[in-house]
Structure formats: C-alpha cells, structure tokens
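Top line first, the protein sequences correspond to chains V and Z. Heads up: the first sequence begins at 1 in the working numbering, then just goes up one per residue. Heads up: the second sequence begins at 1 in the working numbering, then just goes up one per residue.
In case anyone wonders, no lab produced these hints; they're calculated from the structure. Fair warning: there could be bad hints in the mix.
As the list claims (entries may be wrong) - Only pairs whose alpha carbons sit at most 27 angstroms apart, straight line, appear in this in silico BS3-like list of lysine-lysine:
#1 V:Lys12 x Z:Lys57
#2 V:Lys12 x V:Lys58
#3 V:Lys107 x Z:Lys12
#4 Z:Lys58 x Z:Lys125
#5 V:Lys57 x Z:Lys73
#6 V:Lys6 x V:Lys107
#7 V:Lys73 x V:Lys58
#8 V:Lys58 x Z:Lys73
#9 Z:Lys125 x V:Lys58
#10 V:Lys57 x Z:Lys12
#11 Z:Lys6 x V:Lys6
#12 V:Lys6 x V:Lys57
#13 Z:Lys73 x V:Lys107
#14 V:Lys12 x Z:Lys107
Every value quoted in this text rests on a predicted model; they were computed, and no experiment measured them.
There are 2 protein chains.
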Amino acid sequence: MEDILKQIDFNKSGGLVTAIAVDDATGDILMVAYMNEESLRLTLEQGEAVYWSRSRKKLWHKGEQSGNVQRVKAIYTDCDADAILLRIEQVGIAACHTGKRSCFYRKLENGGFVEVGEQIFDPEKVYAK
Amino acid sequence: MEDILKQIDFNKSGGLVTAIAVDDATGDILMVAYMNEESLRLTLEQGEAVYWSRSRKKLWHKGEQSGNVQRVKAIYTDCDADAILLRIEQVGIAACHTGKRSCFYRKLENGGFVEVGEQIFDPEKVYAK
C-alpha cells in the first residue's frame with residue numbers, strides 16, 4: 001500500500017491529484033474529482049472511490065448519502081503521476097449529484113452550453129432526507 | 001466568446017480548471033491538463049487545444065513542438081463548471097510526450113504500476129530537434 005502511494009505525486013497541487021471516474025462497462029467519463037493521499041489509501045483499502053471534497057474540505061466517500069457508490073475495477077496513473085483514472089462500476093447509474101448520469105452534461109453548441117445526457121434521478125428526492 | 005468564458009468557474013483553483021482530452025473517435029481518455037481563461041479563449045478561437053502548463057508556467061499549444069496538435073470536435077463542462085472535457089482528433093495518434101497514445105499508460109496490478117498501452121513514437125526522435 002505505502003509503495004503505491006509513494007508513486008503518486010501529491011506535491012504539485014496542494015496535496016491533491018486529479019481523479020477521473022470512468023464507467024468501466026462503457027468507457028464514458030462520469031466525473032472528475034480530487035484525491036489526497038488519505039483518500040487514495042481509503043479507495044485502495046475499501047475498493048470504493050473516496051475523494052477529497054475541495055468545497056467541504058473533508059474526505060468524501062462518494063455515494064455516502066445517495067447510496068450511489070463507485071466500485072473500483074481498475075486504477076491507472078498518468079505519465080507524471082499527478083492524475084488518477086478510476087474505472088468504476090457506478091451503483092445507481094448516475095454519478096452526478098444533479099441526477100444526471102455524467103457530470104459532463106453541458107455541451108457547447110452555437111455559442112452557449114446546452115443540457116444533454118440522461119437524467120437518472122430527481123435530486124430533490126434523493127438528497128431530501 | 002466572453003459569454004462562454006463567463007460560464008466557467010476559474011476561481012476555485014488559482015485561475016485554472018481541469019481539462020480532460022478524449023479521443024472523439026474512440027472515447028478513450030488521452031490526457032488531463034489545465035486551462036486558464038486565456039488558454040480556453042485561444043482553444044475556442046483556434047479550434048486546437050491550448051492548455052496552461054503548470055510546470056513551465058506558460059501557455060502551451062499542445063503539439064507546438066511535436067506537431068501532434070489536438071483538433072477540437074466538441075466541448076463539455078461539468079455540473080459546477082470547474083472542469084472541461086474536450087473531444088478531440090489527436091493528430092499523430094499519440095497524445096503523451098512519452099510517445100504513448102494515452103498518458104494513462106500505467107495500470108495498478110498486483111500492488112504496483114505496470115506499463116500498458118500502445119507506444120506510437122520514440123520521444124527521443126520527436127523531441128531531439
């Protein structure tokens with residue numbers, strides 16, 4: 001475990017690396033988030049994605065509230081070891097807190113961003129509790 | 001142009017947003033880099049990916065040295081508008097300065113990272129000039 005963590009460069013961006021979550025079955029990009037060393041350690045230990053929330057400044061076990069956890073199927077790092085790619089199984093299909101399948105649901109068209117992509121759940125129902 | 005730039009949140013990470021380059025034909029993730037407002041403006045104007053190099057602290061027209069430019073086919077942003085996904089045509093096939101097709105060529109297997117992915121060019125020949 002420590003050997004793996006040592007190979008990732010957490011020093012470039014305030015202790016964080018960029019983490020991209022990709023649907024293992026389809027290859028679709030579901031979201032981008034950030035990890036510090038502890039969140040990568042927990043991800044490796046638990047087999048589910050744990051990120052560092054930059055807005056809440058705390059560890060974020062993805063799906064802890066919605067139940068839509070991400071089961072990790074494979075992990076890659078890039079040439080300079082400051083980004084991580086997770087191939088995951090997205091429980092509940094939707095990765096985005098808006099209820100969209102992917103967070104990248106706004107596409108630039110004719111000079112503006114328009115909504116695309118599947119709406120899987122109603123966020124007001126899922127996060128109301 | 002200014003309307004588009006205003007919709008992106010450059011304030012969360014020192015003026016930068018994360019930018020993911022995806023092969024438009026295959027959906028494969030080729031690399032992750034960063035953009036400031038000026039690099040996104042140039043990307044929109046030129047139709048080729050221009051990033052901000054965090055290590056060199058300057059604008060980086062991807063492929064300026066190798067010729068392996070990225071022709072932008074579509075642009076998406078995510079739910080909180082602090083990440084950008086570019087669907088691109090990768091001239092020269094390889095996106096990585098190592099000569100690999102994708103920068104994410106190291107896969108975690110049996111407790112260590114092993115090299116996977118196609119080697120497209122020899123970096124010593126391409127960057128020797």
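Status of the hints after comparison with the structure:
Straight-line distance between C-alpha atoms of Lys12 of chain V and Lys57 of chain Z comes to about 13 angstroms, which keeps the hinted pair within the 27 angstroms bound. In summary, the hint linking Lys12 of chain V to Lys58 of chain V is supported, as the alpha carbons are separated by about 19 angstroms, within the 27 angstroms threshold. Distance check on the hinted pair: Lys107 of chain V and Lys12 of chain Z sit about 21 angstroms apart at the alpha-carbon level, within 27 angstroms; holds. Between Lys58 of chain Z and Lys125 of chain Z the CA atoms are separated by roughly 24 angstroms; this keeps the pair inside 27 angstroms, and the hint holds.
A hinted pair counts as satisfied when its Cα atoms are at most 27 angstroms apart, and Lys57 of chain V with Lys73 of chain Z does not qualify at roughly 35 angstroms. Taking the CA atoms of Lys6 of chain V and Lys107 of chain V, the gap is about 37 angstroms. The hint is violated against a cut of 27 angstroms. Annotation: proposed proximity of Lys73 of chain V to Lys58 of chain V holds, straight-line Cα distance about 24 angstroms (limit 27 angstroms). Restraint check for Lys58 of chain V and Lys73 of chain Z: the C-alpha separation of about 36 angstroms exceeds 27 angstroms, so the hint is violated.
Of the supplied pair hints, the one linking Lys125 of chain Z and Lys58 of chain V is violated, its CA atoms being roughly 45 angstroms apart against a limit of 27 angstroms. For the proposed pair Lys57 of chain V and Lys12 of chain Z, the alpha carbon gap of about 13 angstroms is at most 27 angstroms, so the pair holds. Between Lys6 of chain Z and Lys6 of chain V, the direct Cα distance comes to roughly 38 angstroms. Violation of the 27 angstroms bound is thereby established for this hinted pair. A hinted pair counts as satisfied when its Cα atoms are at most 27 angstroms apart, and Lys6 of chain V with Lys57 of chain V qualifies at roughly 23 angstroms.
For the given pair, Lys73 of chain Z sits about 11 angstroms from Lys107 of chain V by alpha-carbon distance, which is consistent with the 27 angstroms threshold. Between Lys12 of chain V and Lys107 of chain Z, the direct Cα distance comes to roughly 21 angstroms. Compliance with the 27 angstroms bound is thereby established for this hinted pair.
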